[in-house]
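Engineer: Sequence:
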Amino acid sequence: MKSAPSGLHPFADNLYRLGKVPAVTISEINGRARGADSEFVLATDIRFAGPGAVLGQFEVGIGSVPGGNPSGRLPRLVGRGCALEILLGADDFPADLAAVYGYVNRVRPESELEQFVDAFARRVAGLDKVAVRETKALVDAVTQPPAEEFGTALAAFFRISGRPENAHLVKRLIDGGLQRPGGVEHDLGRQVAASS
0 MKSAPSGLHP FADNLYRLGK VPAVTISEIN GRARGADSEF VLATDIRFAG
50 PGAVLGQFEV GIGSVPGGNP SGRLPRLVGR GCALEILLGA DDFPADLAAV
100 YGYVNRVRPE SELEQFVDAF ARRVAGLDKV AVRETKALVD AVTQPPAEEF
150 GTALAAFFRI SGRPENAHLV KRLIDGGLQR PGGVEHDLGR QVAASS
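Under numbering that gives the first Met the number 0, think of the first position of the sequence shown as 0, with each following residue one higher.
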């Protein structure tokens, strides 16, 4: 694909730019957010989850690396050790553990999640916009990965993904229902470990 004006591949550029939006961005996770979905929610400022939410980065389990730079975002959010556990373990992280690690801000009961997120967003939106924007900019200055990290992560993904020696791992998961309702999607972390 043609590079975006930033010089990054469009996928990396979208995640980088989402993290740089001056407005506050909030994710409401009430399902599974793994791989690219996880990378998307990591690019948002604040993440709230329902009790059944599952997050994870399974790429190492299929002989690849994550391309959307969770290797740059997760250590800044959860610390180096927890980031390595998430990335190298290629396992599913249920909402409660994700909250303990800082992968999500907090978990709310499913019946309250949407109302809670809406009320929080309206509260922030009702505050002084200059103060919100400038406070976010100060936090971003010390926590946002630079653009170069996104290019490096996606280049590694393209270089490492699809190697013939790992094709059987991906095929097994696809045959088992990867990216389709049901099947391996319900227990991807365990399924990835079983295919290794």
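Hints listed in this document are in silico derivations from the structure and should not be mistaken for laboratory results. Possibly wrong hints are sitting among the right ones.
As the list claims (entries may be wrong) - What follows is a list of derived Cβ distance ranges for each label pair:
id: 1; residue 1: 36; residue 2: 167; range: 44 to 54 Å
id: 2; residue 1: 22; residue 2: 192; range: 13 to 23 Å
id: 3; residue 1: 129; residue 2: 1; range: 13 to 23 Å
id: 4; residue 1: 109; residue 2: 161; range: 31 to 41 Å
id: 5; residue 1: 93; residue 2: 123; range: 22 to 32 Å
id: 6; residue 1: 9; residue 2: 133; range: 26 to 36 Å
id: 7; residue 1: 84; residue 2: 128; range: 34 to 44 Å
Keep in mind the model is a prediction, meaning the values are calculated, not measured. Virtual Cβ for every residue (Gly too), placed ideally from N, Cα, C.
Engineer: Hint by hint, note whether the structure agrees.
Structural biologist: Going down the list of hints, with the structure as the test:
1. One distance hint, 44 to 54 Å for the beta-carbon pair residue 36 and residue 167, is violated here, with the actual separation near 24 Å.
2. For the hinted restraint 13 to 23 Å between residue 22 and residue 192, the CB-CB distance of approximately 39 Å leaves it violated.
3. With their beta carbons about 36 Å apart, residue 129 and residue 1 fall outside the hinted range of 13 to 23 Å.
4. The beta-carbon spacing between residue 109 and residue 161, approximately 37 Å, falls within the hinted interval of 31 to 41 Å.
5. Take residue 93 and residue 123: their Cβ atoms lie about 27 Å apart, and the range 22 to 32 Å holds.
6. As the Cβ distance of residue 9 to residue 133 is approximately 29 Å, the hint placing it in 26 to 36 Å holds.
7. Judged by the Cβ atoms, the range 34 to 44 Å given for residue 84 and residue 128 holds: they are separated by roughly 38 Å.
This entry does not satisfy hints 1, 2, 3, going by the numbered hints stated previously.
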